[in-house]
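The opening residue of the sequence shown carries number 1 in our numbering; numbering runs sequentially from there.
Treat the hints with caution; some may be incorrect.
Said to hold, decoys possible - Think about it this way: if two alpha-carbon atoms lie no more than 16 Å apart in a straight line, the pair counts; the simulated EDC-like pairs of lysine to aspartate or glutamate are:
no.	residue 1	residue 2
1	312	352
2	88	463
3	288	265
4	88	163
5	268	257
6	43	54
7	319	265
8	318	265
9	289	329
10	274	257
11	289	315
12	346	329
13	339	352
14	319	290
15	245	208
16	248	315
17	288	307
18	358	323
19	318	445
20	319	350
21	137	148
22	137	126
23	289	302
24	346	323
25	337	350
26	318	348
27	248	323
28	312	348
29	137	151
Calculated from the structure, these hints are not laboratory results. Please read these numbers as outputs of a predicted model, since none were measured by experiment.
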Amino acid sequence: MAAHGDTFSGPPCSRDPSYLSQATRTMPRKVPNSGRKKKERQKVKRAVKRGDLEAPEKPKRKNRRVGPIRTRLPPSKPRLALQSTFIKLSPTFLEETKRIAGNVSVERPLPPGAAILSNVDTAKFEPNALTCLGRPKWRYEQSKLEVEKNEEGVFQKWLTQSDKTVQEWQGQLDDERRPVADEDPEKPPPPPPDVMPASPTIYERNLEVWRQLWRVTEISQILLILVDSRCPSLHFPPSLASYLKDRKIILVLTKVDITGPERTEAWKSYLRAKYPDIPIVEVESYVKKEQTAVHQGKHQFESSIPENFRVKLIEAIKKVHAELLEPPEEVKVRPEKLKNWIPPVKPEVDWDAVVSAKGDRVGLAVGGPAVPRPEGGQDDGSPDGGETGREGERGVPGILTIGLIGQPNVGKSSLLNALFGTQRVTASRTPGKTKHFQTLFWTSDVRLVDCPGLVFPNFVPMELQVLSWHASHLPRFCRRSLHPLRGAPPPT
Numbered sequence: 001m002a003a004h005g006d007t008f009s010g011p012p013c014s015r016d017p018s019y020l021s022q023a024t025r026t027m028p029r030k031v032p033n034s035g036r037k038k039k040e041r042q043k044v045k046r047a048v049k050r051g052d053l054e055a056p057e058k059p060k061r062k063n064r065r066v067g068p069i070r071t072r073l074p075p076s077k078p079r080l081a082l083q084s085t086f087i088k089l090s091p092t093f094l095e096e097t098k099r100i101a102g103n104v105s106v107e108r109p110l111p112p113g114a115a116i117l118s119n120v121d122t123a124k125f126e127p128n129a130l131t132c133l134g135r136p137k138w139r140y141e142q143s144k145l146e147v148e149k150n151e152e153g154v155f156q157k158w159l160t161q162s163d164k165t166v167q168e169w170q171g172q173l174d175d176e177r178r179p180v181a182d183e184d185p186e187k188p189p190p191p192p193p194d195v196m197p198a199s200p201t202i203y204e205r206n207l208e209v210w211r212q213l214w215r216v217t218e219i220s221q222i223l224l225i226l227v228d229s230r231c232p233s234l235h236f237p238p239s240l241a242s243y244l245k246d247r248k249i250i251l252v253l254t255k256v257d258i259t260g261p262e263r264t265e266a267w268k269s270y271l272r273a274k275y276p277d278i279p280i281v282e283v284e285s286y287v288k289k290e291q292t293a294v295h296q297g298k299h300q301f302e303s304s305i306p307e308n309f310r311v312k313l314i315e316a317i318k319k320v321h322a323e324l325l326e327p328p329e330e331v332k333v334r335p336e337k338l339k340n341w342i343p344p345v346k347p348e349v350d351w352d353a354v355v356s357a358k359g360d361r362v363g364l365a366v367g368g369p370a371v372p373r374p375e376g377g378q379d380d381g382s383p384d385g386g387e388t389g390r391e392g393e394r395g396v397p398g399i400l401t402i403g404l405i406g407q408p409n410v411g412k413s414s415l416l417n418a419l420f421g422t423q424r425v426t427a428s429r430t431p432g433k434t435k436h437f438q439t440l441f442w443t444s445d446v447r448l449v450d451c452p453g454l455v456f457p458n459f460v461p462m463e464l465q466v467l468s469w470h471a472s473h474l475p476r477f478c479r480r481s482l483h484p485l486r487g488a489p490p491p492t
């Protein structure tokens, strides 16, 4: 309140002539609204309701927005180059499957055999008919352009051969689904039934993503192959097993808290019988947070690995590390080779520090592109050609490098955060969150390399692949392409 005798003159902006002129220019001018004009508008409105007059056109509203709100910046070119690419379904295939899905009734209730994974579809094909793309040989004398051209040529040849194999596999499935024709030539052939055509299998078709896998396998001495414990056979195809047959690998069953102990043990028995020389461990990467008095809604989870799972995983890595310190049999029988043999891994590792390492002091990022390139004259993609962190003249590695490989959404980044005990890597429900391989130090002796999720070639229909990667989180194009394959409506 103004004191007695003072004159209230309003805010300073109201006394500024320039401010008043600016407000006059920006604010819309008010239209006089008298009682007579209001009655005229009401008469017109009633006439429009009776149908005596046509409704007048509404004036278009002016867009008074100054600029875009929360504009999303376009992705950078390197990030676009690492986008996963898959096969595109033809319009003919989409229209045919859409028509059949709307006409054919599905048997209800579903037979119990529909939930059993069958190997009939791949019985007539060799397991190694589909292969992973391997890196061609290269030399340091070659320029970057020469190496890239060579890799592109090998990639195109591999892609053509893989597409041809998949087409033959689709043709075989279509032939098996068609009814056998009658041998009587006089009898007219039956009308073709509405049978859903065989869908293709999808796999990575971007060379840049394959290059990420090459770099991770070259700099790593031990590889952790992460597979979803709900169906590990889909996530560890024969193509990947053949690609890593000469490497030291450990199969890691993730998400065992969802699968349950009984099913996990059953899958472990199955995998041990199929791959007797590969160590198998199980992990879970999330635990429930403690509920407080103010907690409401769904359960909340945090990245953490139970101590028993943590110890089992480290013990498996420790055992494989000890095996790498032993010379191969062909070296042991030749003393001259045994004398000059160099272990491919760091001989001494403080495993107690690895077990207790967690918190802010671990998981420091080194960066993917900053990894030093291997020493030597030639690299052929073998595990011995990509050692880094060498110490001394003999080339003994100065650090143990462990790579994490797996298909999208198997929990690679989540496992890293659980091991570190803190958020070091961005994890998401959406498959393909990791775009570039990341190198992080576990301890001063051990570092972990997180590889982007990569879809490996396998004789698995696209529908089954979608189910194994959680269809609700797949890229939009994949959900749209598979819409007619979701099944027909129930019978009426």
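Outcome of the hint check:
no.	hint	result
1	312 with 352	holds, 13 Å
2	88 with 463	holds, 14 Å
3	288 with 265	violated, 23 Å
4	88 with 163	holds, 12 Å
5	268 with 257	holds, 15 Å
6	43 with 54	holds, 13 Å
7	319 with 265	violated, 21 Å
8	318 with 265	violated, 22 Å
9	289 with 329	violated, 50 Å
10	274 with 257	violated, 24 Å
11	289 with 315	violated, 27 Å
12	346 with 329	violated, 20 Å
13	339 with 352	violated, 31 Å
14	319 with 290	violated, 35 Å
15	245 with 208	violated, 23 Å
16	248 with 315	holds, 15 Å
17	288 with 307	holds, 15 Å
18	358 with 323	violated, 26 Å
19	318 with 445	holds, 13 Å
20	319 with 350	holds, 14 Å
21	137 with 148	holds, 11 Å
22	137 with 126	violated, 26 Å
23	289 with 302	holds, 6 Å
24	346 with 323	holds, 12 Å
25	337 with 350	violated, 29 Å
26	318 with 348	holds, 11 Å
27	248 with 323	holds, 9 Å
28	312 with 348	violated, 20 Å
29	137 with 151	holds, 9 Å
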